[in-house]
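So you can see what is in the structure, the chains are spelled out below.
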Amino acid sequence: MNGHLDAYQSLAETVDRDEPRWAFGSSVTASGIVDTPVEIMMPVPTGAVPGDLAGYCQMLGDDALVCGHRVSEWVSNAPELEEEVALANIALDLLGQARALLARGGFVEGAGRDEDALAFWRDQAQFRNVALAELSDRLDFAHAVARLLVFSSWRFAIMRRLRNSTDPAIAAVAVTAGKELAYHRDYAVRWTLRLGDGTEESHRRMQAALDAVWPYVEELFRTSELERRLIQVGVAIDPSETRTEVSAVLDEVLAAATLSRPAVLAVGTLAGRGGRQGVHTEALGHLLAEMQSLARQHPGATW
Amino acid sequence: MSVTEQSQAWELAADFERTIAADQRIEPRDWMPAAYRATLIRQIAQHAHSEIIGMQPEGNWLLRAPSLRRKTILLAKVQDEAGHGLYLYAAAETLGIDRTELTERLITGRQKYSSIFNYPALSYADIGVIGWLVDGAAICNQVPLCRCSYGPYARAMVRICKEESFHQRQGFELLLTMANGTDEQRAMLQESVDRWWWPSLMMFGPPDVDSPNTRQSMAWGIKRHTNDELRQRFVDMTVPQAAALGVTLPDPALRWNEERQAHDFGEPDWREFAAVISGAGPCNAQRLAHRRRAHENGAWVREAATAYAAKQRARLAGQG
Numbered sequence: 001m002n003g004h005l006d007a008y009q010s011l012a013e014t015v016d017r018d019e020p021r022w023a024f025g026s027s028v029t030a031s032g033i034v035d036t037p038v039e040i041m042m043p044v045p046t047g048a049v050p051g052d053l054a055g056y057c058q059m060l061g062d063d064a065l066v067c068g069h070r071v072s073e074w075v076s077n078a079p080e081l082e083e084e085v086a087l088a089n090i091a092l093d094l095l096g097q098a099r100a101l102l103a104r105g106g107f108v109e110g111a112g113r114d115e116d117a118l119a120f121w122r123d124q125a126q127f128r129n130v131a132l133a134e135l136s137d138r139l140d141f142a143h144a145v146a147r148l149l150v151f152s153s154w155r156f157a158i159m160r161r162l163r164n165s166t167d168p169a170i171a172a173v174a175v176t177a178g179k180e181l182a183y184h185r186d187y188a189v190r191w192t193l194r195l196g197d198g199t200e201e202s203h204r205r206m207q208a209a210l211d212a213v214w215p216y217v218e219e220l221f222r223t224s225e226l227e228r229r230l231i232q233v234g235v236a237i238d239p240s241e242t243r244t245e246v247s248a249v250l251d252e253v254l255a256a257a258t259l260s261r262p263a264v265l266a267v268g269t270l271a272g273r274g275g276r277q278g279v280h281t282e283a284l285g286h287l288l289a290e291m292q293s294l295a296r297q298h299p300g301a302t303w
Numbered sequence: 001m002s003v004t005e006q007s008q009a010w011e012l013a014a015d016f017e018r019t020i021a022a023d024q025r026i027e028p029r030d031w032m033p034a035a036y037r038a039t040l041i042r043q044i045a046q047h048a049h050s051e052i053i054g055m056q057p058e059g060n061w062l063l064r065a066p067s068l069r070r071k072t073i074l075l076a077k078v079q080d081e082a083g084h085g086l087y088l089y090a091a092a093e094t095l096g097i098d099r100t101e102l103t104e105r106l107i108t109g110r111q112k113y114s115s116i117f118n119y120p121a122l123s124y125a126d127i128g129v130i131g132w133l134v135d136g137a138a139i140c141n142q143v144p145l146c147r148c149s150y151g152p153y154a155r156a157m158v159r160i161c162k163e164e165s166f167h168q169r170q171g172f173e174l175l176l177t178m179a180n181g182t183d184e185q186r187a188m189l190q191e192s193v194d195r196w197w198w199p200s201l202m203m204f205g206p207p208d209v210d211s212p213n214t215r216q217s218m219a220w221g222i223k224r225h226t227n228d229e230l231r232q233r234f235v236d237m238t239v240p241q242a243a244a245l246g247v248t249l250p251d252p253a254l255r256w257n258e259e260r261q262a263h264d265f266g267e268p269d270w271r272e273f274a275a276v277i278s279g280a281g282p283c284n285a286q287r288l289a290h291r292r293r294a295h296e297n298g299a300w301v302r303e304a305a306t307a308y309a310a311k312q313r314a315r316l317a318g319q320g
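Chains as they are written, first to last, in the numbering used here: chain G, 1 to 303; chain R, 1 to 320.
One should not assume that every hint holds.
[Claimed, not checked] Computed footprint of chain R on chain G, listed as stretches where at least three residues anywhere in the stretch have a Cβ under 8 Å from a Cβ of chain R:
| id | region |
| --- | --- |
| 1 | 80-89 |
| 2 | 96-103 |
| 3 | 184-198 |
I should point out that these hints are in silico values taken from the structure, not numbers from a laboratory.
Here a beta-carbon is modelled for each residue, glycine too, at the ideal position from N, C-alpha and C.
Isolated chain G (complex conformation) (with noise of 0.2 Å):
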């Protein structure tokens, strides 16, 4: 009991006593706010060019930074109390992969940009995610779980293998994300099973969500020129190689959700480019309106 009057009397002898203990730096942990990782900053590995390896970093980085903003978009629009926890769980673990990635490829580049630099000061044919990480899901249960468990179940794949990158800072964001995304992964499973083999209707839904998902699968599965130059040095991996493993996920689950794989066409490319090359989906530009905004009212402002 005593100990609840205590932490009310330490609020109340604030500023002039204990001035550090309110303005805190960087190491908030307890709200997923982390140090900077000490892999950031670790030198480019032999035989890659720094260039190159900024480059996937914000491939990486960009596919969490705007998949974590479109789940973000489900703040307190959730169905039930227990999807706010789970989805903004999942938007902050991915927001937590898109900060290291984006500040590693903003170390290895040298150009002084921070991940700040990278997120706000880009525009959209600087972004190098893929398409599926980009739609809106409109706030359709159905569809943001269709997107999940396609995203989460190939970025699983991609992280696994990322383990053993020879970039120190990728394969340290990969053994945790791993972690991350096997859960994020579950819970886009329970979650298709259950609208799957729901009722009629969460059944319909679940279907349309996943036709209107899955003509973005294919680009998942594209091998970049970039990559391919990575994967010779032991960067990167390649993509395509996560085809079948994901492929298998995706019907296993769909079976058992008495769902059917999609029969429809993949969206193509734009001269080649899609994604990766920074040819995006209308849909970007919308995204990074908002998300830009405030940041470039106020250019060279701290926050």
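With chain G fixed as given, assemble chain R onto it according to the hints.
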């Protein structure tokens, strides 16, 4: 009621009074007066609703947070609020009412939430000010609830208060950063404080002379301090913090009273308070409509989960 039943009832009531008098906890299985139960349900539910509705003004800036660090902090905070809502609804459920019913009461306007969330969040400074002033006021109200006579509520409040005090410091830290930032940021900070100061003082409720429920709640050990005592404590705690930020609190009557060893301060606009409470605040309709929409849009999802669980049970029973 027979004579023996009556004796038993008196004994239960005497037990309850003894527990309260000894400053011990009432637990869910203990006998309690119907009015005590009803008061707690109302208060805990209102608190839970406030956590959930309170996600909206912050959610308004989540997608526009100006740095990834600020986005992380805000997202974690909003997630904590959903978690607080969960514990509080669970605490209310120990009194024999379920969350579905409480949600129904919220979205049909039969139960209230803190009137502070009927004000809009208009700039990013508001995110910091909500942490500093609104969470600060909430902490003043809530820390004494850690000693509330009802066990499940008191225990939920211990964890909630720890997290709230963390949020308050994060809010203050954002404001301190802005105070040391550009002229635009400093102006944004002052403008936000100007809008939130009086509504924050109103969070403690009407003056003691107009607070009919306070006495009974204090006698039952649900409440530990009067509205005016808590308001005074909040003002005294906040004034030096405002000085550290270099902001002016918008109250010309605010000054240190040497004799009382406390600050004198002006009277909030109680007509505005009454209007906001009765539904005519800037955002009442918007907040409730948002909550109702989210709930209704989720109905098919909840039905699917229920149907799936029933099918799973039937399958397991079939196997057995």
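How the hints compare with the structure:
| no. | hint | result |
| --- | --- | --- |
| 1 | 80-89 | holds (count 8) |
| 2 | 96-103 | holds (count 4) |
| 3 | 184-198 | holds (count 5) |
The structure meets every hint from the earlier list without exception.
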